[in-house]
Amino acid sequence: MAIDDIYTQGIAGGWKVTDASTLKQDQTYEADVAIIGSGAGGGTTAEILSAAGLKVLILEEGPLQTAANFKDMDDARAYGELYQEGAGRATSDGAVSILQGRSVGGTTTVNWTSSFRTPPLTLKYWADTFALKGGSEEEMAPWFAQMEERLGVAPWAVPPNANNGALKRGAEALGWAAHVIPRNVRGCWNLGYCGLGCPTNAKQSMLVTTIPGALKNGAQLLHHVSVRKLAFTNGKVSGLSAEALGPGCIQPSGVKITVRARHYVLAGGAINNPALLLRSNAPDPHQRIGKRTCIHPVNLSLGIMPDKVEGYYGAPQSIYCDEHQWKHGAAGPVGYKIETAPMQPLLSSAIFGRYGDELKTGMGLLPYTQSMLSLLRDGFDEQSPGGEVQIDGTGAPVLHYDFSDYLWDGFRRAYLSMAEMQFAAGARQVMPLHVDSKIYASWAEAKDAIATLPYRKQRVPVFTAHLMGGCAMGEDEKLTVVDSDARFRHADNLSIIDGSIFPTSIGANPQLSIYGFACKNATKLAGQLKA
Amino acid sequence: MRNLPTTETESGPNAVDLTRRSLLKVGLFGSLLLGAAGTTATLSGCAARVESAAAGYKFLRDADLLLMRALIPAVLGPMLPPPGAESEALNAQLMRNIDLGCYRLGHPAQKVVAQLFDLLNLRLTRWPLTGISAWDEATPAQMQAFLERWRTSSFSVLNAGYRALVKLVSVSFYGTHAGWAAANYPGPPPGPFQVFNS
Chain A
25 MAIDDIYTQG
35 IAGGWKVTDA
45 STLKQDQTYE
55 ADVAIIGSGA
65 GGGTTAEILS
75 AAGLKVLILE
85 EGPLQTAANF
95 KDMDDARAYG
105 ELYQEGAGRA
115 TSDGAVSILQ
125 GRSVGGTTTV
135 NWTSSFRTPP
145 LTLKYWADTF
155 ALKGGSEEEM
165 APWFAQMEER
175 LGVAPWAVPP
185 NANNGALKRG
195 AEALGWAAHV
205 IPRNVRGCWN
215 LGYCGLGCPT
225 NAKQSMLVTT
235 IPGALKNGAQ
245 LLHHVSVRKL
255 AFTNGKVSGL
265 SAEALGPGCI
275 QPSGVKITVR
285 ARHYVLAGGA
295 INNPALLLRS
305 NAPDPHQRIG
315 KRTCIHPVNL
325 SLGIMPDKVE
335 GYYGAPQSIY
345 CDEHQWKHGA
355 AGPVGYKIET
365 APMQPLLSSA
375 IFGRYGDELK
385 TGMGLLPYTQ
395 SMLSLLRDGF
405 DEQSPGGEVQ
415 IDGTGAPVLH
425 YDFSDYLWDG
435 FRRAYLSMAE
445 MQFAAGARQV
455 MPLHVDSKIY
465 ASWAEAKDAI
475 ATLPYRKQRV
485 PVFTAHLMGG
495 CAMGEDEKLT
505 VVDSDARFRH
515 ADNLSIIDGS
525 IFPTSIGANP
535 QLSIYGFACK
545 NATKLAGQLK
555 A
Chain B
4 MRNLPTTETE
14 SGPNAVDLTR
24 RSLLKVGLFG
34 SLLLGAAGTT
44 ATLSGCAARV
54 ESAAAGYKFL
64 RDADLLLMRA
74 LIPAVLGPML
84 PPPGAESEAL
94 NAQLMRNIDL
104 GCYRLGHPAQ
114 KVVAQLFDLL
124 NLRLTRWPLT
134 GISAWDEATP
144 AQMQAFLERW
154 RTSSFSVLNA
164 GYRALVKLVS
174 VSFYGTHAGW
184 AAANYPGPPP
194 GPFQVFNS
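Heads up: the sequence lines are chains A and B, in that order. Per my numbering, the first sequence runs over residues 25 to 555. Per my numbering, the second sequence runs over residues 4 to 201.
If you are wondering where the hints come from, they were derived from the structure by calculation, not from laboratory data. Here the structure is a predicted model, which is why all the values come from computation and not from measurement. Please note: incorrect hints may appear among the correct ones.
[What the hints assert, rightly or not] Beta-carbon label-pair distances, calculated as ranges:
| # | chain 1 | residue 1 | chain 2 | residue 2 | range |
| --- | --- | --- | --- | --- | --- |
| 1 | B | W130 | A | Q275 | 34 to 42 Å |
| 2 | B | Q197 | A | V182 | 17 to 25 Å |
| 3 | A | K462 | B | R126 | 30 to 38 Å |
| 4 | A | P144 | B | P84 | 52 to 60 Å |
| 5 | A | T418 | B | R126 | 26 to 34 Å |
| 6 | A | G77 | B | A95 | 51 to 59 Å |
[Unchecked claim] Reference excerpt, derived from the structure (chain B facing chain A, CB under 8 Å, subset only):
| # | residue |
| --- | --- |
| 7 | Q147 |
| 8 | V169 |
| 9 | K170 |
| 10 | F199 |
Every residue gets a Cβ at the ideal spot worked out from N, C-alpha and C, and that includes glycine.
Could you build all of it, start to finish, from the sequences and the hints given here?
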């Protein structure tokens, strides 16, 4: 039984989808709105603007891959082809590994489906600190509700897999609150391969929802195309130049693409948007572009359980623990959200970071291994200003990110919380993932070790799958790049609609935050462009 | 702690000095990894990455292949099949995976990886930094001593190199069926897999 890949039939029925790697000659496209990027921000915007009758062109750097590609459930194929830089993206000094999607649907094609509304304390912090208007809990509620309905967001009604079950058990044993995660799925098979592209179209990613919706409305999708520059003339964007990529989606094919549109929307994410603006010498009087890049820095802990966990099977994230997230409100020592990570072997080995016998023994225990991760809520304190996106001599993005004692303290506390929960859940042994850690047989032993481990770059392996900021929104023009409606301050016909406009991290997996703000801002933009 | 570096290759102020001098001399790997990515630093002349990739490869050069041939058993040794046709085929597959992994990196990361490989392939820097004079003569014990030395070094640049090398090799392996077996991972759930692929 082949799963319908949606696109074969759609294209046969007249959807305008072009693989730019097949183009032989330079091309010029015209549209009412050109949207750069097809992830959570771009997909949502494309559907809303096309439904309003606007002629929409979506430009995506990655390939179009569908359930027809995802049916092999193969991690090597998926990480190589669906992620930025073949999943090898990292910060400039290699201290933080970055997992970020790069295909039609962007990161939504490969994320783990966790869907949280922006926490009220985060929204309040944005209003207080960046003078964001229209972003209060009450004002945002209808936009979140609309997107939850569109994408089937609901608390996961199936019992958690053993990996998440252990998180729940550990939290409950310690008297910490654990809750069920809302997921954007319809008819989910509970397979556990969300990170490799959903083979059943159950995950309501942009790939199977808003992009097909936009295509039905007459939008055009051009993939395998890398946008190089926006031209700024007299306070407007006057055009966009791009390069078609070859079939492997890495090298330019030599074909140049020019786009002219009434309005332009950047939706390439928190690393690529600032890089494009910097390459384009965009007006930036207060030097805000690429600043305050927040990443929810992640550290992990592995617990060896007496029974099989098989963390590679079943919905990857279904339980979370916010016990340590908002203890002091938005401020105070850094808060962190505890969740689990799916445990297919390739990703597991990437986070394990050992060699020889240690690698063999540790990875050999994979079926018994329970994983926990902590997302640190960065950007809410002077000592956590986020990182900075710059470009190198070729115009490629480089993310610099440094850690202060404020964040190191957070990692230390997160290791403690995770190890304590894992032992409370029945783990026989726990290994905080740190270059100098060992496997500890008791909570007391782990606690002592965690207190004395060195906390610095390259000794704490840090990961991120959540890229936010770099084009902050708000009314304080000295601190922000776009206004509260996501309009770029220094060009009339440019909006930025995705996770790059968040002025801090979210404090929860960001996809629903992106959908909600995109829905609000795109709806307003549609009204303005139709007027 | 295992495979502590021998006195010959590391201990004493001389070795530390050599390491420091080598790093200063070469500079670039450190400066790039420490946050100056995007500068135009390159190894001056002698080891500039002028050769094209090795035949059949997109990124790795002949010298890198020698390094990988020594590195793969150091990282994966206990999991590799005994020498023979199976081992050769797996080795070839891993080299291709490593090559593709490097090829897919963006320009800034590629530059850092290239500089790491240059540093390891240039005799002037290889010995003081790794204690190894030639990759094709290195024993597994020497290779593990080198990895352990970089892992425990007080230079974060060497820690970064350790992490990059170990990650390159381990992800090249655990995405293969041999790697799945080593992780006792049964593969995708057979029922749904059959449904999708029949």
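message: Can you tell me whether the CB distance of W130 (chain B) to Q275 (chain A) sits inside 34 to 42 Å?
response: holds, 36 Å
message: Given a hint of 52 to 60 Å, does the C-beta separation of P144 (chain A) and P84 (chain B) actually sit inside it?
response: holds, 56 Å
field: Verdict for Q197 (chain B), V182 (chain A) (Cβ pair) under range 17 to 25 Å
entry: Since the Cβ atoms of Q197 (chain B) and V182 (chain A) sit about 22 Å apart, the hinted range of 17 to 25 Å holds.
message: Hint validation: Q147 (chain B) versus chain A, beta carbon distance must be below 8 Å. Holds or violated?
response: The hint holds - Q147 (chain B) has a Cβ within 8 Å of chain A, the shortest such distance being about 6 Å.
field: Distance restraint evaluation - K462 (chain A), R126 (chain B), Cβ atoms, bounds 30 to 38 Å
entry: holds, 36 Å
message: Please check whether V169 (chain B) passes as an interface residue: C-beta within 8 Å of a C-beta belonging to chain A.
response: holds, 5 Å
message: Given K170 (chain B) as an interface hint, is its Cβ closer than 8 Å to any Cβ of chain A?
response: Since chain A brings a Cβ to about 6 Å from K170 (chain B), closer than 8 Å, the hint holds.
message: 26 to 34 Å was suggested as the range; check whether the CB atoms of T418 (chain A) and R126 (chain B) agree with it.
response: holds, 30 Å
message: Verify the CB-CB distance for G77 (chain A) and A95 (chain B) against the hinted window 51 to 59 Å.
response: With a Cβ separation near 56 Å, G77 (chain A) and A95 (chain B) satisfy 51 to 59 Å, so the hint holds.
field: Hint check: 8 Å Cβ-Cβ cutoff, F199 (chain B) to chain A
entry: holds, 4 Å
Taken one by one, the earlier hints all hold for this structure without exception.
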